Amino acid sequence: MSTPYQQPGSYASPIPVRGAHLGDALASEWTKIRSVRSTIWTLSVMIVLVLGIGLAVAALVSAAGESAELGDESVLAMGFFGILPGSICVMTLGVLTISSEYGTGMIRTTLTACPSRGRVLTAKAAVFFLLVFAITTVTAGLVAVMQNAMVEAGEPTGDEWLRATVGVGLYVASLGLLSLAVGGMLRHSAGAITTMIGLMLLPLVAAMFMFSESLQDVQEFLLEWAIPSQLIGIYGEAAAGGGSGPIGWEPVGIMLGLSLVALGGAYATMSSRDV
Amino acid sequence: MIELEGLTKRFGTKVAVDHLSFTVRPGVVTGFLGPNGAGKSTTMRMMLDLDNPTSGTVRIDGRHYRDLDEPLKYIGALLDAKAMHGGRSAYNNLLCLAQSNRIAERRVGEVLELVGLTPVARKKSKSFSMGMGQRLGIASALLGDPEILMFDEPVNGLDPEGIHWIRNLMKTLAQEGRTIFVSSHLMSEMALTADHLIVIGQGKLLADTSMADFIHKNSRSYVRLRSPQQEQLRDVLHAAGMTAVETAGGTLEVDGASTERLGELAAEHRIVLHELSAQRASLEEAFMQMTAGAVEYHAHLAPGAPPPDAAAPPAGHGAPQWAARDKGA
Numbered sequence: 013m014s015t016p017y018q019q020p021g022s023y024a025s026p027i028p029v030r031g032a033h034l035g036d037a038l039a040s041e042w043t044k045i046r047s048v049r050s051t052i053w054t055l056s057v058m059i060v061l062v063l064g065i066g067l068a069v070a071a072l073v074s075a076a077g078e079s080a081e082l083g084d085e086s087v088l089a090m091g092f093f094g095i096l097p098g099s100i101c102v103m104t105l106g107v108l109t110i111s112s113e114y115g116t117g118m119i120r121t122t123l124t125a126c127p128s129r130g131r132v133l134t135a136k137a138a139v140f141f142l143l144v145f146a147i148t149t150v151t152a153g154l155v156a157v158m159q160n161a162m163v164e165a166g167e168p169t170g171d172e173w174l175r176a177t178v179g180v181g182l183y184v185a186s187l188g189l190l191s192l193a194v195g196g197m198l199r200h201s202a203g204a205i206t207t208m209i210g211l212m213l214l215p216l217v218a219a220m221f222m223f224s225e226s227l228q229d230v231q232e233f234l235l236e237w238a239i240p241s242q243l244i245g246i247y248g249e250a251a252a253g254g255g256s257g258p259i260g261w262e263p264v265g266i267m268l269g270l271s272l273v274a275l276g277g278a279y280a281t282m283s284s285r286d287v
Numbered sequence: 017m018i019e020l021e022g023l024t025k026r027f028g029t030k031v032a033v034d035h036l037s038f039t040v041r042p043g044v045v046t047g048f049l050g051p052n053g054a055g056k057s058t059t060m061r062m063m064l065d066l067d068n069p070t071s072g073t074v075r076i077d078g079r080h081y082r083d084l085d086e087p088l089k090y091i092g093a094l095l096d097a098k099a100m101h102g103g104r105s106a107y108n109n110l111l112c113l114a115q116s117n118r119i120a121e122r123r124v125g126e127v128l129e130l131v132g133l134t135p136v137a138r139k140k141s142k143s144f145s146m147g148m149g150q151r152l153g154i155a156s157a158l159l160g161d162p163e164i165l166m167f168d169e170p171v172n173g174l175d176p177e178g179i180h181w182i183r184n185l186m187k188t189l190a191q192e193g194r195t196i197f198v199s200s201h202l203m204s205e206m207a208l209t210a211d212h213l214i215v216i217g218q219g220k221l222l223a224d225t226s227m228a229d230f231i232h233k234n235s236r237s238y239v240r241l242r243s244p245q246q247e248q249l250r251d252v253l254h255a256a257g258m259t260a261v262e263t264a265g266g267t268l269e270v271d272g273a274s275t276e277r278l279g280e281l282a283a284e285h286r287i288v289l290h291e292l293s294a295q296r297a298s299l300e301e302a303f304m305q306m307t308a309g310a311v312e313y314h315a316h317l318a319p320g321a322p323p324p325d326a327a328a329p330p331a332g333h334g335a336p337q338w339a340a341r342d343k344g345a
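Chains as they are written, first to last, in the working numbering: chain A, 13 to 287; chain B, 17 to 345.
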């Protein structure tokens, strides 16, 4: 529709209808995400955690000197210690991006303005993903450069650099996207955040208590496929300490796939349920 | 123009909206009236495609809401003034809505000015009072300068100044030729603002009539008589073929007779009158009468309250329109 709505004898608005598209929804979601405090808070805390813990670990190892025995191993895996708690902030933001709309009732206003559920969800997911990807990649890159300068060890390869920055950025952003999808399905901030933290930590905690012989396979599976194990796997085989779990780019693909499936689920619930 | 056709919504076994069909016409204020829990808000949510109807359709200018490209330019709605993110400023709350519908950013300033929120545009909306929240909701409804406006109980919780402001705003908007659809559970409020009336009770259509028609049909007029010779007066009235109803206050009420006729009649029989006055039952009474069978949450009648048939339409008016519609709807 390219002409303003008009009917004889009734009100004709001077504002023309021009056919809004995904780009307009993206602009709208960008305004939303940058204009609330929770975004600034969660992302600042994440940056502080990644940089603070990363540098503290590097300083400790550097002080230990020769006894740390890093040898030719790359120093980049040390970034993991900051990224892990940092990713909890990202999960929180991911959930809040959508569940806060349900909590405040804003979702009714949002969907009245843009009745296409698919467009709203796509715009939310894209804006959130790109924002988190950019910030995580830059922060992880910064910490990696500093760790590499502080600790004496082997020079990482190009692929190792790429995985420790872009790979980690993609993984954390995908994890956030999964949280956003879970938030969209559960519509309840506290419930969805708890679910995500449980999903992240429970497999490891459960595996710790599987002493029984018969559970050994399950224990091994949980230890290798838990989210923290996948995250450390991105840094390479040496960091992950062997085993058959996902390594290198594999965890990134797994998490991205998982989050897209969950987004599909969120789309299905949004389309079928009353607001 | 909004057209509803056989709109039905069930929540489990409870039918919230029951085969509702009506048309909201352009250029007038249409009042949407019903007691609490009658299904007004559910109906409005279905109009905006927020709730999925169990069956039936809603069309906005002939199209489904979901097919509208930039809905804010067709229809602006105030459902719940608090449906904003409290942590965001009033300006940003409106800006993100404007952007999603390709509305120029300058329009945000315009509507804030229009509702008088310019001084607090950068304040978080959760700090707003009820009245300010309502104004922000109205600003968001006006953002796309739409032809149709929908307000759900806009005067709820407002102070007299706010109520006055909203009433005048609706009148102005209707004068510009817009379609205004406004819900309320207060007949008195509707009598002041609406030109057309749609009444529902327990999800069913009870009336779809012009305000003038409704007033004509439902405001019973009668004459009140008070006399020290009550018994004698009664006999005289009876002899003249009029039925007088004695009220709790010791007065007589006569339907369908003029004050002139009754005064002359009393004089003829040398009866002293202490009161002879024409009375009109309130629209509120007529509304309560209409929805009496359809009120979901009943309070028990207090002793001394008027019997339910006190406001019944006078004989000779025939069955009111809504009685027949009740079954057809």
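Do not rely on the hints blindly, as some may be mistaken.
Stated by the list, open to error - So, partial list: chain A residues that the calculated Cβ filter (under 10 Å) puts toward chain B:
id : residue
1  : Ser25
2  : Ala39
3  : Leu67
4  : Arg129
5  : His200
Unchecked claim - Selected chain A positions facing chain B (in silico; Cβ < 7 Å):
id : residue
6  : Thr43
7  : Thr116
8  : Gly248
9  : Ala250
10 : Met282
11 : Asp286
It is worth saying that the hints were derived from the structure and are not from the lab.
Only a predicted model underlies this, so the values are computations on that prediction, with no experimental measurement involved.
We put the beta carbon where it would ideally sit given N, CA and C, even for glycine.
Original post:
Can you name, in rising order, the numbers of the hints this structure does not satisfy?
Top reply: Those not satisfied are hints 3, 5, 8, 9, 10.
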